[in-house]
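> So the sequences go chain by chain: A and B.
Using the numbering used here, the first residue of the first sequence is number 1, and each one after it goes up by one.
Using the numbering used here, the first residue of the second sequence is number 183, and each one after it goes up by one.
In case anyone wonders, no lab produced these hints; they're calculated from the structure.
Do not take every clue at face value.
[Said to hold, decoys possible] Derived coverage of chain A by chain B (criterion: at least 3 residues anywhere in the stretch with Cβ under 8 Å from a Cβ of chain B; other residues may be distant):
| # | region |
| --- | --- |
| 1 | 18-27 |
| 2 | 31-39 |
| 3 | 63-69 |
| 4 | 133-143 |
| 5 | 163-173 |
On a predicted model such as this, the values are computed, not experimentally measured, just so you know.
Beta carbons are placed, not taken as given, at the ideal position from N, Cα and C, and that holds for glycine.
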Amino acid sequence: MSKVIKGPVFVVQDNIDTDQIIPAQYLNLIPTIAEEYEKLGSYALCGLPDSLYSERYVPEGQMDSPFPIVVAGRNFGCGSSREHAPIAMGSADCQLVLAESFARIFFRNCVATGELYPCESEERLCEILKTGDVISVDLDTCQVHVESTGKTYAIKGLGDVRSVVDAGGLFNYARQHDMISS
Amino acid sequence: MMTLTEKILARAAGKAQVKAGDNVWVKADTLMTHDVCGPGTIGVFKREFGEHARVWDKERIVIIPDHYIFTADSRSNRNVDILRDFVREQGLKYFYDVIDDPEGKWVFNPAQGLLKKQYGSQYAGVCHTALAQRGHTRPGEVLFGTDSHTCMAGAFNQFATGIGNTDAGFVMGTGKLLIKVPETMHFRLEGSLQPGVMAKDVILHIIGEIGFDGATYRAMQFDGEGARSLSVDDRMTVANMAIEAGGKNGIFEFDEKTEAYVRHRTETNGTRSEYEPVERDASENFFSEHVIDLDKLEPTVACHPDPGNRRLARELSDLGLDRAYIGSCTGGKTSDFIAFAEVIRGKSVVIDTFGVPATPEIVDELKSTMWDGTSVWQIMTDAGVQMTENAGCSACLGGPVDTFGRMNKPLKCISATNRNFPGRMGHKESQVFLASPATVAASALTGKVTDPRDL
C-alpha cells in the first residue's frame, strides 16, 4: 500500500516530553471514551512554552490541528508512559511525527495505538524546516520532498512497525494475522 | 553469558538464552495500573476482549490509585470509581482503594483543606513505593506498569518497565507482551557515599554523564561494592530514574538487603513469597561500561529544562529560588524525609516548602520517629514546611490545578522529585531543579541553591 503524507509541518526542537504534548492536568480524560478522545486532541502540544512557540499546534477553540506532520529534534516523546500523548496528537489529526530520534515508550505507544507514524529523519530537519512549510513524505521510498525549495531528504524506514500502524494498531494487526481471535 | 536483564527475560520467555535485540513474548508476573492510566487500560481491555471478558489472572493485577486523588476535579474522582467498579466486577485481589466502602463513591472534600488525611484504611499511596511496601516486588520477576517510573522496582533485582494503555490492555487479557530485549549498559559503583551526598546525586550524576537520552532503549545495570553499600531505599531512588535517561529498565543485583526487605514485606502482607533471583554470569555482553566512584560524588543538581542538565550544587549558589518540594516515588520515602529533617532541624525555611510523603505508612513513620521527644513530622512543620498527610503523587507531575504544591505561576522550584521538563510541576513557564532531599532542605533554608555540606 503506497503511502504519501502531505501537508504543512509544525516544527519543534529537542526533548519534547509528554507534559508538553499533553499536560498532566488533562490526563483525567479517558482516551477510550469518544467525547474525551476528541477533547484530548484540542490540547495536543498545548504544553509547549509560549515563550518558545508563539503559534499553537491546535488553534484556540478548535479541536483539530492544521498541521498533519510534526517535525522534531532528538528524544521526542520522552518522559511519561501516558498513551494520552500519541492519542492527543492523533485525535488532533496528526498523521506523522518526523523526529531525529524518539523516546522508547512514546514510539511504542504510537505503534500500539496506530495513531500516527513515528519516523526518524536522517538529517536534523527541525533546523531545516520551519512551521508552515509544506512537505510530502513518502513512506515507501523513504523520502521527504520540500515543496518550496524542491529539496529532498531521506528518512529511515519503519520496518515491521509500518504494517502495525497501517492496520490501526496492535490489536487490529494481531487479529488480521490470526495472532489473537477476532 | 547473559546480563541480569537478559536472564530474567529469557526465563519469562521460556528460553535458555536470549540476546539484546531479540523480540520475545514474555510472561508477566505482575501488571500494575493506577487512576490516570487504569480507566483507559480497562477501556482498551473491554473494547478488544469484549464487555464480559475476564482478566488473565485475578491475583496478578495490582491497582493503586495515587495520582489525582486529593482534588475536587470531578473527572479525577470518577476515575477512582471506575477502578473500583472494575475491581468488583472482576474480583481482583489487590486494590488499594481511597475509601473503605466498596459500594461508595470517592469525593474529595476541599473544605477540609489539603493537609489533613482524607483516605481510608486500604489506601497505599504512590504506586511504585506502595508496590514494594505492600509486598508486590520480587527478585527475578517481570513487572509491567502503566507508568514510566515502574522501573523503580529494578531495585529488587526484577525486570520492571513502563508501558502504555494498549499494551497494558493486552497484558490484562493475555498475561503476555512482545518485547525487545534491551542492550545493557553496565554501571559499576565503587566506594561509598560521603556525608551530604545521597543516592539522588548518584543518578543525577549518571544521567548528566550519559545524557537525557543516553540509555534510550537500554537496560541500566548497577552493581559492584558501591551498589551493595546502598540501602534498599537508595537503590529505589536510583532505579526509579533510569527512565530519565531514556532507559527501558534499571536493575540491581540481589543480596541480603533485598532478601530481608522482600521477606519482611511479603510476610507482613501475605503476598506470594516464593521467587528466584538472577545472579551475574562470569561474562556478560555490555553495550558500554561505566565506573562510578561514589567517594568522589558531590551534591548534584539537574537544572531546568531536562534531567540531564547537570551542575554541582556549589556552582549554583547565586541561583535564587521561589519554592522547595520534597515528595514523590523517588524522593518521598522515610529516609528522604529523615535526611531533609537532619538539615532543617531547629531552623526555618525562607521559601514556600512543601512535603508530600509517598505513602500513608511513611506518614505514620515520620510521626512516630522521635528525636529528643519530638517527631520528625513535628521537626518538619516547626521549620515551616507545609506537610500533608495526603500521601500521593501530588505536584510532582502538576496534576489538576487544585493539587497541593502545584506551581500555578512561573516560579523556580528545587525539588526532590524525578523530572523537570517544562511544565512538569504545573505552570509551563515554571522551572524545576532536581536535587537530593538534603540539597533541597539546605536550599529551602537559604532561598538559593545550596550545597548541604556548607551548612
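> Which hints, by number, does the structure contradict?
Going through the list in order, the structure violates hints 3 and 4 and respects the others.
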